[in-house]
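Enquirer: Chains as they are written, first to last, in numbering that gives the first Met the number 0: chain A, 0 to 69; chain B, 0 to 575.
For the record, the hints were derived by calculation from the structure and aren't laboratory data.
All C-beta atoms in this analysis are idealised placements derived from N, C-alpha and C, irrespective of residue type, glycine included.
Misleading hints may appear alongside valid ones.
Said to hold, decoys possible - Label pairs and their computed distance ranges (CB to CB):
#1 B:Leu-158 x A:Ser-66: 19 to 25 Å
#2 B:Pro-551 x A:Pro-35: 47 to 53 Å
#3 B:Met-403 x A:Phe-25: 45 to 51 Å
#4 B:Pro-543 x A:Leu-37: 55 to 61 Å
#5 A:Pro-35 x B:Ile-561: 41 to 47 Å
What the hints assert, rightly or not - If you want the footprint, here are the derived chain B segments under chain A, 3+ residues with CB under 8 Å:
#6 233-239
#7 344-350
Claimed, not checked - The calculated DSBU-like cross-link candidates involving lysine-lysine, where the alpha carbons are at most 35 Å apart (straight line), are:
#8 B:Lys-278 x B:Lys-529
#9 B:Lys-120 x B:Lys-395
#10 B:Lys-390 x B:Lys-451
#11 A:Lys-62 x B:Lys-278
#12 A:Lys-65 x B:Lys-29
#13 B:Lys-105 x A:Lys-62
#14 B:Lys-529 x B:Lys-29
#15 B:Lys-222 x A:Lys-34
#16 B:Lys-73 x A:Lys-34
#17 B:Lys-150 x A:Lys-34
#18 A:Lys-62 x B:Lys-29
#19 A:Lys-62 x B:Lys-33
#20 B:Lys-105 x B:Lys-390
#21 A:Lys-65 x B:Lys-33
#22 B:Lys-486 x B:Lys-222
#23 B:Lys-395 x B:Lys-535
#24 B:Lys-317 x B:Lys-150
#25 B:Lys-203 x B:Lys-278
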Amino acid sequence: MGIDIKIPIGLMFTIFGLLLTVYGFFTRLDATLYKPSLGINVNLWSGLGMLVLGVVMLALALKSRKSKPS
Amino acid sequence: MNSGFALSWIDYSVMLIYFAFVLGIGWALKRYMKDANAFLEAGRSMPAWVAGLAFISTNLGALEVMGMTGSGVKYGMLTTHFYWVGAIPAMVFLALFMMPFYYGSKARSVPEYLKLRYDEKTRGLNAILFAVMTILASGISMYALAILMEKVLGWNFHLSLILSAAIVLAYTYLGGLSSAIYNEVLQFFIIVVGLLPIVILSLKDVGGWHGLQQSLAPIVSSKGFAPDTWTTTWKYTGAAKSNPLGVEWYGIFAGLGFVLSFGYWCTNFLIVQRAMSAKSTTAARNTPLIGAIPKMFIPFLIIVPGIVALVLMNTPGKGFSLPLNAAGQPIYDYTIIMLLRQYLPAGVLGLGITALLASFMSGMAGNVSAFNTVWTYDIYQSYIRPTTKDKASDDKHYLFVGRMATIFGVLVSIAAAYLASLFGNIMDFLQTIFSMINAPLFAVIFLGMFWKRATGHAAFTGLLAGFFIALLHHGLTFPEGANTMVKGGWIAHLHAYPVEMAQNFWTAIFACSTSAVVTIVLSFMTAQKKSDNELKGLVYSLTPKFNEEAVPWYSRSTTLAIIVLTLVSILTILFW
Chain A
0 MGIDIKIPIG LMFTIFGLLL TVYGFFTRLD ATLYKPSLGI NVNLWSGLGM LVLGVVMLAL
60 ALKSRKSKPS
Chain B
0 MNSGFALSWI DYSVMLIYFA FVLGIGWALK RYMKDANAFL EAGRSMPAWV AGLAFISTNL
60 GALEVMGMTG SGVKYGMLTT HFYWVGAIPA MVFLALFMMP FYYGSKARSV PEYLKLRYDE
120 KTRGLNAILF AVMTILASGI SMYALAILME KVLGWNFHLS LILSAAIVLA YTYLGGLSSA
180 IYNEVLQFFI IVVGLLPIVI LSLKDVGGWH GLQQSLAPIV SSKGFAPDTW TTTWKYTGAA
240 KSNPLGVEWY GIFAGLGFVL SFGYWCTNFL IVQRAMSAKS TTAARNTPLI GAIPKMFIPF
300 LIIVPGIVAL VLMNTPGKGF SLPLNAAGQP IYDYTIIMLL RQYLPAGVLG LGITALLASF
360 MSGMAGNVSA FNTVWTYDIY QSYIRPTTKD KASDDKHYLF VGRMATIFGV LVSIAAAYLA
420 SLFGNIMDFL QTIFSMINAP LFAVIFLGMF WKRATGHAAF TGLLAGFFIA LLHHGLTFPE
480 GANTMVKGGW IAHLHAYPVE MAQNFWTAIF ACSTSAVVTI VLSFMTAQKK SDNELKGLVY
540 SLTPKFNEEA VPWYSRSTTL AIIVLTLVSI LTILFW
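Excised from the complex, chain A in its bound form (with noise of 0.2 Å):
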């Protein structure tokens, strides 16, 4: 049924990759809001992390779309 999965997964991980990473830089010198977290900036790395998942996907998507004769 006609939609590639990997595009809505891709483009809402990126979205949330770049929102996080972009929070993460601008609070990284908030000790308080990272004393839970034992001082690791989290929303750094997991920004970064979901950043490339969605490249990641999107990718895939591209070249499935490209393999397949339309």
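Put chain B on the given structure of chain A with help from the hints.
Expert: What follows is chain B alone, placed relative to chain A:
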């Protein structure tokens, strides 16, 4: 009750983006919903990996996530038995031996398989029980989610209940089963990504796996168990008293590994429906196998943080405690959200809450999409309005009925959620009833697939007999310290089990064996009304063997099954 746990704008942004995508997927699929087949069966067009992830995602509902983390606190790594000896072997069995019949018979649902294999009354019994139980189950998980959000986040109970139901209704109404399945794949990724930070942070907090073992030792010893009981799986199952599950290895093996898991994974239409939506027989067989690979690692995502929580609860400096219920007992089901609260700052916190919402939605959409199919095909089309000669108008009509069933299902779920909020015990009660229905069903379907002599009258009686024996066993036994009739012992106190889990296992074992014995004996006493030709494609001995030679070796079901079983054996040995 827990002040200072307010979410910030960034958390709400993450949640809103998620809602937008979930609804967007439903919207994008709307134009494909031209007939009942597209709406209720996803047009049998799903690739195996999509169906496979949906297969485990629909089971990864809110109650599963909350319950398994809670079980991590109560039973430690022994909880992994639900996965490694429970779900995985059952999924492999379903894939290799049962999917060819479910898929190849062209049945559109599990009850319809029973109709083709046995007779109308067996189908009717199963369809009606399934429809009722599925909708109640969906209402209960809705209640669990709304009460969690109210108690921990301070959200309005009614608002979160109605809002979450409205979103699920919107996307299943628009895009039917396809929408439920595609969203389950998306939700699967969110659940993993959203919960991963607490796994890493909580383990780091206690000094890794090794640190966890060391900190657990004194806590576990004070409970009267060997110091490494919480971080091992089979080591202390020699005697029921030496492990917190209260069951010996053979009880785990037969009750959980065989009866409960096979009963759930191989006969529950909610699950089987995902594999039935696959695009070919090979894809349908591969669906549970592809799902099994991530499934076996889910314990690290949801059970391990629960084990860490036990250490945190017993370390005063950590400031971690679980909310208490009216009786002053900790509410173990809230472990996961208390961990989110413990470790996550604004930002990833929103992602973690979104993961819980996603798990709730995947579970509920699964229930709703299974309900509308059984209602439309097995109840409405069979007993209320059979098909006519005009196929085009039939297609339109059943699509309409399917859509209405979706709305009806969600409304009854909401009613069930309010019912659950009135009677606290209804959740335990229904879970008990559900396991009583599933175990006999497995015996009947199994015999139907592998023994051509099994007859309709025998199967019908077998189902009922299994159910009544389960009720009887439940009425005569009780878990030690039980203070309510819902837990058992409402006829007499014949036998006491150390814990409730043990009672559940044995109820299922008795139910399944009774059902099997009754079905076999009565099959010999009654005549087989179905000819061999009618049973072709439904019974093992009368169906041509499925030939995999055309499929490349790496995507054959047997290859995948060997990989799955090898991996799960390695995990079992590592955590013995």
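Enquirer: Compare the structure with each hint and give your call.
Expert: Hints, verified against the model:
Taken as a hint, the range 19 to 25 Å is violated for the pair B:Leu-158 and A:Ser-66, whose Cβ atoms sit roughly 46 Å apart. Checking the proposed 47 to 53 Å range against B:Pro-551 and A:Pro-35 shows it holds: the Cβ atoms sit about 49 Å from each other. Restraint check, B:Met-403 to A:Phe-25: a C-beta distance of roughly 49 Å satisfies the suggested window 45 to 51 Å. Distance hint check: the CB atoms of B:Pro-543 and A:Leu-37 are about 60 Å apart, consistent with the given range 55 to 61 Å.
For the pair A:Pro-35 and B:Ile-561, the beta carbons lie near 44 Å from each other, so the given range of 41 to 47 Å is met. Counting residues of the stretch 233-239 of chain B whose C-beta lies closer than 8 Å to any C-beta of chain A gives 0; at least three are required, and the coverage claim is violated. Only residues whose C-beta sits within less than 8 Å of a C-beta in chain A count toward coverage, and the stretch 344-350 of chain B has 5 of them, enough to reach three; the restraint holds. Taking the CA atoms of B:Lys-278 and B:Lys-529, the gap is about 29 Å. The hint holds against a cut of 35 Å.
This hinted pair checks out: B:Lys-120 and B:Lys-395 have alpha carbons roughly 28 Å apart, not beyond 35 Å. A distance of roughly 33 Å separates the Cα atoms of B:Lys-390 and B:Lys-451; the hinted pair therefore holds under the 35 Å criterion. Between A:Lys-62 and B:Lys-278 the alpha-carbon distance is near 21 Å, which keeps this suggested pair within the 35 Å criterion. Distance check on the hinted pair: A:Lys-65 and B:Lys-29 sit about 25 Å apart at the alpha-carbon level, within 35 Å; holds.
The suggested pairing of B:Lys-105 with A:Lys-62 holds, with an alpha-carbon distance near 33 Å, which does not exceed 35 Å. At most 35 Å may separate the alpha-carbon atoms for a hinted pair to count; B:Lys-529 and B:Lys-29 exceed this at roughly 41 Å. Restraint check for B:Lys-222 and A:Lys-34: the C-alpha separation of about 32 Å stays at or below 35 Å, so the hint holds. The straight-line distance between the Cα atoms of B:Lys-73 and A:Lys-34 is roughly 28 Å, inside the 35 Å bound, and the hint therefore holds.
Annotation: proposed proximity of B:Lys-150 to A:Lys-34 holds, straight-line Cα distance about 24 Å (limit 35 Å). With a C-alpha separation of about 26 Å, the suggested pair A:Lys-62 and B:Lys-29 falls inside the 35 Å cut-off, and the hint holds. Annotation: proposed proximity of A:Lys-62 to B:Lys-33 holds, straight-line Cα distance about 29 Å (limit 35 Å). Between B:Lys-105 and B:Lys-390 the alpha-carbon distance is near 18 Å, which keeps this suggested pair within the 35 Å criterion.
For the hint linking A:Lys-65 to B:Lys-33, the alpha-carbon distance of about 28 Å falls within 35 Å, and the restraint holds. For the given pair, B:Lys-486 sits about 24 Å from B:Lys-222 by alpha-carbon distance, which is consistent with the 35 Å threshold. With a C-alpha separation of about 31 Å, the suggested pair B:Lys-395 and B:Lys-535 falls inside the 35 Å cut-off, and the hint holds. Taking the CA atoms of B:Lys-317 and B:Lys-150, the gap is near 21 Å; set against the 35 Å cutoff, the hint holds.
At most 35 Å may separate the alpha-carbon atoms for a hinted pair to count; B:Lys-203 and B:Lys-278 exceed this at roughly 43 Å.
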